[in-house]
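I would like the entire structure built from these sequences, with the hints used as guidance.
Residue numbers (our numbering): 1 to 166.
One or more hints might be untrue.
With a cut-off of at most 25 Å between alpha-carbon atoms, the simulated PhoX-like pairs for lysine-lysine come out as follows [what the hints assert, rightly or not]:
no.	residue 1	residue 2
1	Lys2	Lys36
2	Lys119	Lys36
3	Lys152	Lys36
4	Lys119	Lys2
If you anchor each label on the Cβ, the simulated ranges turn out as follows [what the hints assert, rightly or not]:
no.	residue 1	residue 2	range
5	Arg69	Gly118	39 to 49 Å
6	Ala65	Ala147	19 to 29 Å
7	Trp145	Gly58	29 to 39 Å
8	Asp140	Ala56	52 to 62 Å
9	Gly11	Lys152	20 to 30 Å
10	Asp83	Lys152	32 to 42 Å
For the record, the hints were derived by calculation from the structure and aren't laboratory data.
Where is the CB? At the ideal position from N, CA and C, for every residue including glycine.
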Amino acid sequence: MKVFGIVGYSGSGKTTLLRRLIPELVGRGLSIATVKHTHHRVTVDAPGDPGFEARARGAIASLVAGPERWYQVNAVDPERAIDLAQVVAPLAPADLVLIEGFKRYPHAKLEVHRAQTGKPLWRASDPQVVAVASDHPLPDLDCPWLALDDVKAIADFILAHPGSRP
Numbered sequence: 001m002k003v004f005g006i007v008g009y010s011g012s013g014k015t016t017l018l019r020r021l022i023p024e025l026v027g028r029g030l031s032i033a034t035v036k037h038t039h040h041r042v043t044v045d046a047p048g049d050p051g052f053e054a055r056a057r058g059a060i061a062s063l064v065a066g067p068e069r070w071y072q073v074n075a076v077d078p079e080r081a082i083d084l085a086q087v088v089a090p091l092a093p094a095d096l097v098l099i100e101g102f103k104r105y106p107h108a109k110l111e112v113h114r115a116q117t118g119k120p121l122w123r124a125s126d127p128q129v130v131a132v133a134s135d136h137p138l139p140d141l142d143c144p145w146l147a148l149d150d151v152k153a154i155a156d157f158i159l160a161h162p163g164s165r166p
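Written out as structure tokens, the structure is:
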């Protein structure tokens with residue numbers, strides 16, 4: 001399983017790129033999994049749901065399985081950093097795991113950059129950013145540049161790059 005990250009500042013288009021990239025890669029015969037990092041509190045279950053109730057009573061994880069899908073919820077110690085290798089391990093059946101965010105973690109990354117955000121390049125502080133996809137040319141870039149709207153070229157780059165292994 002290969003792991004490849006998509007990073008960028010808020011509003012740069014990471015999610016939009018992933019929404020376009022996934023069908024391109026699936027169309028090439030790959031199985032794709034995704035991981036999204038968020039700083040917001042999220043939940044896929046609510047009070048009364050079996051998994052929620054198990055965790056409320058002290059279980060560190062719960063898995064709920066049905067005829068069409070299953071999901072697992074793990075409790076995380078908010079004082080500790082998330083172990084990205086542990087997060088992606090259950091996704092091993094996938095050929096490629098695309099990670100949105102987790103920009104401070106050591107894995108190969110493509111930076112999404114838009115001029116309108118007014119933000120500097122993340123690449124300047126992270127050598128794990130192996131290419132930049134942007135809506136404007138970046139002539140002095142010290143890594144490959146890809147046009148943000150050229151999803152086929154971005155997919156080609158990701159597939160040609162060795163990526164990272166968890």
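Hint by hint, here is what the structure shows:
Between Lys2 and Lys36, the direct Cα distance comes to roughly 16 Å. Compliance with the 25 Å bound is thereby established for this hinted pair. At roughly 21 Å between alpha-carbon atoms, Lys119 and Lys36 fall within 25 Å of each other, so this suggested pair holds. Our distance criterion of 25 Å between C-alpha atoms is met by Lys152 and Lys36, whose separation comes to about 22 Å. For the given pair, Lys119 sits about 29 Å from Lys2 by alpha-carbon distance, which is inconsistent with the 25 Å threshold.
For the hinted restraint 39 to 49 Å between Arg69 and Gly118, the CB-CB distance of approximately 40 Å keeps it satisfied. As the Cβ distance of Ala65 to Ala147 is approximately 42 Å, the hint placing it in 19 to 29 Å is violated. Against the hinted window of 29 to 39 Å, the Cβ-Cβ separation of Trp145 and Gly58 comes to about 50 Å, which falls outside the hint. Restraint check, Asp140 to Ala56: a C-beta distance of roughly 53 Å satisfies the suggested window 52 to 62 Å.
The hint said 20 to 30 Å for the Cβ distance between Gly11 and Lys152, and at roughly 24 Å that hint holds. Between Asp83 and Lys152 the Cβ separation comes to about 34 Å, which falls inside the hinted range of 32 to 42 Å.
Hint violations for this structure: numbers 4, 6 and 7, all remaining hints satisfied.
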